[in-house]
Amino acid sequence: MTTSDKNPIHKIIGGKIWGLFGSLKFVLFILFSLAILSVIGTVIQQNQPPQFYVGEYGSKWASLIFSIGLENMYHAWWFSILLIFLVANIIVCTIDRFPPKWKATLETKIDIDAKFIKNIANNHTIVLQDEPQAVKENILNILHKKRYKIKEANTTEGISLYAWKGITGRFGSDVVHVSLLLTLVGAILGSIFGFKDFGAFYEGEVTTIPVVDFQFGADRSWHGIPLPKIERQKRASDIQLRLDKFWIDYYETGQIKQYNSILTLSDSGREVIKGKQIWVNAPLHYHGLTFYQSSYGIAYDRVKQAEFVLKDSKTHKTAVQPFQAAWNIPYDIPGTDYRIKVVSFVSDFGYDPTTKTIFPKSAEHNNPAINVEIYKNGKPVARPWLFYNYADLFAQIPDSDYELVFRGYKGIVYTGLSINRDPGTAIVWIGAALMIIGCCMAFFIFHKRIWMYVRKNRNETEVHLGGMINKNKFTFERELLEIVESIGGIKK
Amino acid sequence: MKVIMSLLFFDMAFWFYFATMLFYFAYWITKKELLGQASTVLAIISTFAIFMMLVFRTKESGHAPFSNLYESMTFFVWVISIAYLIMEFRYKIRVIGAFVMAIVFVAMFATSNLPYRFQDIQPLNPALQSIWFELHVFSAFIGYAGFGIAFGMAIIYLIKARFEERKASHFLIDRFPLSAILDELSYKSVAWGFIFFTLGALILGAVWANKAWGTYWSWDPKETWSLITWFVYAAYLHARVTRGWRGKKAAYVAIFGFLSTIFLYWGVSFVLPGLHAYASQ
Ligand code: HEM
Numbered sequence: 000m001t002t003s004d005k006n007p008i009h010k011i012i013g014g015k016i017w018g019l020f021g022s023l024k025f026v027l028f029i030l031f032s033l034a035i036l037s038v039i040g041t042v043i044q045q046n047q048p049p050q051f052y053v054g055e056y057g058s059k060w061a062s063l064i065f066s067i068g069l070e071n072m073y074h075a076w077w078f079s080i081l082l083i084f085l086v087a088n089i090i091v092c093t094i095d096r097f098p099p100k101w102k103a104t105l106e107t108k109i110d111i112d113a114k115f116i117k118n119i120a121n122n123h124t125i126v127l128q129d130e131p132q133a134v135k136e137n138i139l140n141i142l143h144k145k146r147y148k149i150k151e152a153n154t155t156e157g158i159s160l161y162a163w164k165g166i167t168g169r170f171g172s173d174v175v176h177v178s179l180l181l182t183l184v185g186a187i188l189g190s191i192f193g194f195k196d197f198g199a200f201y202e203g204e205v206t207t208i209p210v211v212d213f214q215f216g217a218d219r220s221w222h223g224i225p226l227p228k229i230e231r232q233k234r235a236s237d238i239q240l241r242l243d244k245f246w247i248d249y250y251e252t253g254q255i256k257q258y259n260s261i262l263t264l265s266d267s268g269r270e271v272i273k274g275k276q277i278w279v280n281a282p283l284h285y286h287g288l289t290f291y292q293s294s295y296g297i298a299y300d301r302v303k304q305a306e307f308v309l310k311d312s313k314t315h316k317t318a319v320q321p322f323q324a325a326w327n328i329p330y331d332i333p334g335t336d337y338r339i340k341v342v343s344f345v346s347d348f349g350y351d352p353t354t355k356t357i358f359p360k361s362a363e364h365n366n367p368a369i370n371v372e373i374y375k376n377g378k379p380v381a382r383p384w385l386f387y388n389y390a391d392l393f394a395q396i397p398d399s400d401y402e403l404v405f406r407g408y409k410g411i412v413y414t415g416l417s418i419n420r421d422p423g424t425a426i427v428w429i430g431a432a433l434m435i436i437g438c439c440m441a442f443f444i445f446h447k448r449i450w451m452y453v454r455k456n457r458n459e460t461e462v463h464l465g466g467m468i469n470k471n472k473f474t475f476e477r478e479l480l481e482i483v484e485s486i487g488g489i490k491k
Numbered sequence: 000m001k002v003i004m005s006l007l008f009f010d011m012a013f014w015f016y017f018a019t020m021l022f023y024f025a026y027w028i029t030k031k032e033l034l035g036q037a038s039t040v041l042a043i044i045s046t047f048a049i050f051m052m053l054v055f056r057t058k059e060s061g062h063a064p065f066s067n068l069y070e071s072m073t074f075f076v077w078v079i080s081i082a083y084l085i086m087e088f089r090y091k092i093r094v095i096g097a098f099v100m101a102i103v104f105v106a107m108f109a110t111s112n113l114p115y116r117f118q119d120i121q122p123l124n125p126a127l128q129s130i131w132f133e134l135h136v137f138s139a140f141i142g143y144a145g146f147g148i149a150f151g152m153a154i155i156y157l158i159k160a161r162f163e164e165r166k167a168s169h170f171l172i173d174r175f176p177l178s179a180i181l182d183e184l185s186y187k188s189v190a191w192g193f194i195f196f197t198l199g200a201l202i203l204g205a206v207w208a209n210k211a212w213g214t215y216w217s218w219d220p221k222e223t224w225s226l227i228t229w230f231v232y233a234a235y236l237h238a239r240v241t242r243g244w245r246g247k248k249a250a251y252v253a254i255f256g257f258l259s260t261i262f263l264y265w266g267v268s269f270v271l272p273g274l275h276a277y278a279s280q
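Order-wise, the sequence lines are chains P and S.
Heads up: the first sequence at position 112 corresponds to 111 in numbering that gives the first Met the number 0, and the numbers run straight through without jumps.
Heads up: the second sequence at position 210 corresponds to 209 in numbering that gives the first Met the number 0, and the numbers run straight through without jumps.
Possibly wrong hints are sitting among the right ones.
Straight line, CA to CA, 30 angstroms or less: simulated DSS-like cross-link-like pairs of lysine-lysine [stated by the list, open to error]:
1) K256(P) <-> K210(S)
2) K166(S) <-> K117(P)
3) K210(S) <-> K59(P)
4) K244(P) <-> K210(S)
5) K114(P) <-> K102(P)
What follows is a list of derived Cβ distance ranges for each label pair [said to hold, decoys possible]:
6) T356(P) <-> S217(S): 34 to 40 angstroms
7) P329(P) <-> S217(S): 46 to 52 angstroms
8) W101(P) <-> F170(S): 46 to 52 angstroms
It is worth saying that the hints were derived from the structure and are not from the lab.
Note that the coordinates shown come from a computational prediction; the quantities given were computed from them, not determined experimentally.
Ideal Cβ placement from N, Cα and C applies to all residues, glycine included.
Build the full structure now, drawing on both the sequences and the hints.
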């Protein structure tokens, strides 16, 4: 009977796959593949808009990049598969190797003989005049001082001793591997259950903080197997944030030293954090939410106040000296029947003809435009958009000799805060700590084993001694020589 | 004119390191014990000089001395010198010093030739003002030093192993320790390097990023390159326990790993865009 008769084909293939994932050569292959692919990801800039790739590489290469997913490769399916392979590798390796290692390190042969020791590469023979019992006591003493644990067994011919230390070192690599899995679990949990948000906040304004809700369902299926589905939905929370103050500190040289915001938080109407200052590197934590100082800018949709001037529409001479109108507060233009009110603003004027709406094209102040209401004797007469860059556009006030010119504005600074929740981080940090502990165990604790066989040979006592270590052979050779010397061997 | 003490000590250290390197080479060639001792003394003096440079730099700039390329290179030189001296005292193998000091001198030379704008004292931008940033760099550089020494050792290993295989002999090569010892020392350097690199470059870097930006990992080029480097050294560790990869292939991986480290440190700053670009602005 051949093996293929005994083993169905799926078992053979399964065994092959298991063998592959249990193999160290495959680990090297995966590690190098991950390294090389990651290099590509640093050379091709990630997550840029499509135009970028077309501009950089031409349309042919760009479409190739998009079809492979190289523009967001760390989240491409093939990159994830490599990571999954790494995980599978670790799991299979551990299942394969851990039990036999555990057995071999804990259940060591104790009753051995001189022949067994002769087979250990690093062995010595010592001949002494003392009685075996005294020699044994001496050896026990020496090894105890060196913090070895010792077991002994009496055989018919003599005494065999087994001394060991540093078993924990053997399991350092397992701790590292498990820690790696743990870190990945933390990262995955974070990517499923965490969220990250960004918002612009204005001084004095109160904002309700959105959070994300999860719903689990299984409404999709694959060949009848229900697939778990996680839906994420943003909803308003009971947490409200007020920005009390935002400011920037500068060095004497004019470079920016620090961005600071003072925040007040209330939860269900109750103030829970009052006037807490945050800055870059010093976020605010509240119930799993973290608020980071992340940027700042000038508002794109409002101004503090705007400056106007009235001109004679015929001569274009100044008719009324420049004046400031505050946001949303009616202002009576001196010496006229007119009153204006600033009602909206966009920093980069955009107009959508299909919906007839005005919108900011960007947060940059490329084409600032302001919307004012004009009243005459209390009655609204016009509601024009005025442009900072195109002063004479739509400037005429209807049925009058005046032109209203938008001369400037004082922006409102906002603070950009990142708000996030990542329930996986704690696990990631635990994994990281374990990884360091595991590395220290693996690299600095050596599993040292010494077998000794003490027997009477005519009127002398013979000690056979052999030692093994899992790594660091040369240092151990020296230590073993020291031990041999203190037992009484190698006297010249 | 006011003397800038840090520059003074840097120049001193530069010439001391130059002399140190020459002495180690002279010792390697002549095997005169006196030259060996002189080399060690010179190495200690150079290390002290570069340490004083760092002390004065800290005083002059008001922050830890590794916030730009010039400072961090100097810091690297100091760490690798200390690491080497510890190794020399523990294992009493002095000929390796020629190689390590050559690496150190190359680093000093590169540092002294940095354009002036990279040497300048810069006030710390908001993101860098964090104890986590300082610990991150401190620990990562100990890692670099470990990898640097392992790199030197791996090169000597390859030369030595080739001679041993062919049973060839040359007085310069014969003075190196046995290849098996070199392999063990190289492994030890990687082990120390790996721990500090993992802790510094990956973990503390992640802690810092999490504090500053709210994400512990964002695949920016510097982060990705530290991961690449880390994979390479993980491969080294596993190569050493893999049949067919022990010895020479592992040594090549160690060399490759240090090239990756250099790119992580220099290449990313100058070639690739990203958060960490010291060279930008
Ligand atoms: C990036 C991923 C990995 C890291 C960081 C890692 C880390 C380590 C470390 C630090 C050691 C100790 C090395 C030493 O003592 O010199 C080790 C040993 C080992 N690793 Fe990994 N490992 C990884 C992936 C894997 C995978 C996927 C496998 C599965 C085949 C594996 C199998 C082993 C084995 C068999 C040992 C030797 C075990 C021993 O001597 O106790 N490793 N690993």
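For K244(P) and K210(S), compute the direct alpha-carbon distance and say whether it is at most 30 angstroms. Holds, because 21 angstroms separates the two Cα atoms, which is no more than 30 angstroms.
Pair hint outcome, K166(S) versus K117(P) [Cα-Cα no greater than 30 angstroms]: holds, 28 angstroms
Could you see if the CB distance from P329(P) to S217(S) stays within 46 to 52 angstroms? Taking Cβ atoms as reference, P329(P) and S217(S) lie about 48 angstroms apart, which means the hint holds.
Verify the proposed pairing of K256(P) with K210(S), using a straight-line Cα cut of 30 angstroms. Roughly 17 angstroms between the alpha carbons, so the hint for K256(P) and K210(S) holds.
30 angstroms Cα cutoff - pair K210(S), K59(P): Cα-Cα ~41 angstroms, so violated.
In this structure, is the beta-carbon distance linking T356(P) and S217(S) contained in 34 to 40 angstroms? Check passed, 35 angstroms falls within 34 to 40 angstroms.
K114(P) and K102(P) were given as a pair; does the straight-line alpha-carbon distance stay at or below 30 angstroms? holds, 23 angstroms
Range first: 46 to 52 angstroms. Now tell me if the beta carbons of W101(P) and F170(S) are that far apart. Since W101(P) and F170(S) have Cβ atoms about 50 angstroms apart, the given range 46 to 52 angstroms holds.
When the structure is compared with the earlier hints, a violation turns up for hint 3 alone.
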